[in-house]
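Colleague: Please model the complete structure; the sequences and the hints are all you need to start from.
For the sequence shown, this note's numbering assigns the number 168 to the initial residue and increments by one for each residue that follows.
The hints are simulated quantities; they were obtained by calculation from the structure and are not laboratory data. In this text the structure is predicted, and so the values were computed from the model without any measurement. Beta carbons: idealized from backbone N, C-alpha and C, even for Gly. Heads up, none of these hints are tricks.
With a straight-line cut-off of 25 Å between C-alpha atoms, the simulated SDA-like cross-links for lysine to any residue are:
no., residue 1, residue 2
1, K210, L195
2, K210, R220
3, K193, S266
4, K210, E197
5, K193, E181
6, K247, F179
7, K210, D173
8, K210, E258
9, K210, E261
10, K193, F179
11, K247, R257
12, K247, E261
If you anchor each label on the Cβ, the simulated ranges turn out as follows:
no., residue 1, residue 2, range
13, I248, D173, 15 to 23 Å
14, P177, R265, 17 to 25 Å
15, R265, R222, 35 to 43 Å
16, H250, D223, 16 to 24 Å
17, D223, H259, 27 to 35 Å
18, E181, R215, 20 to 28 Å
19, Q184, R214, 19 to 27 Å
20, R255, T183, 15 to 23 Å
21, T192, R215, 29 to 37 Å
22, E258, D188, 14 to 22 Å
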Amino acid sequence: MAILDDVLNPLFNEATQFAEDPSMTKDLVEQADHVMEDLYVLKADVRRAAENRLRDLEQYVPSDSTIRLPDVALNITMCKIFHERIARIREHAELIVRSWNQRDT
Numbered sequence: 168m169a170i171l172d173d174v175l176n177p178l179f180n181e182a183t184q185f186a187e188d189p190s191m192t193k194d195l196v197e198q199a200d201h202v203m204e205d206l207y208v209l210k211a212d213v214r215r216a217a218e219n220r221l222r223d224l225e226q227y228v229p230s231d232s233t234i235r236l237p238d239v240a241l242n243i244t245m246c247k248i249f250h251e252r253i254a255r256i257r258e259h260a261e262l263i264v265r266s267w268n269q270r271d272t
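Modeller: Below, the structure written as C-alpha cells:
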C-alpha cells in the first residue's frame with residue numbers, strides 16, 4: 168500500500184493547499200474539497216480491493232506449497248477501473264487549477 172500512498176499523497180497535499188488558501192473563491196474551495204473526498208474514497212476502495220485480492224490469492228497456495236497461477240482478469244479489470252477514476256479526479260483537479268490561474272487574468 169506504500170505505492171498507493173506515494174501516488175495519492177501528493178494529490179491530497181495539493182488539494183489541501185488549494186482548500187486552505189485564503190484567496191481561493193468559495194466555489195474553488197468546494198471543488199477542491201470534492202477532489203479530496205474523491206481521493207479518500209478511491210484510496211479506501213483500492214485498499215479494500217487489494218485486501219480482497221490477497222485473500223483470493225491465498226486459495227492458489229495449497230498446503231503442499233505448489234503454486235498455481237491465478238486468474239488475473241479481475242485484477243486487470245480493477246486496475247482499469249481505478250485508472251479511469253484517477254483520470255476523472257485528475258481532470259477535476261486540473262479544472263480547479265485552470266480556474267485558479269485564470270482568476271488573475
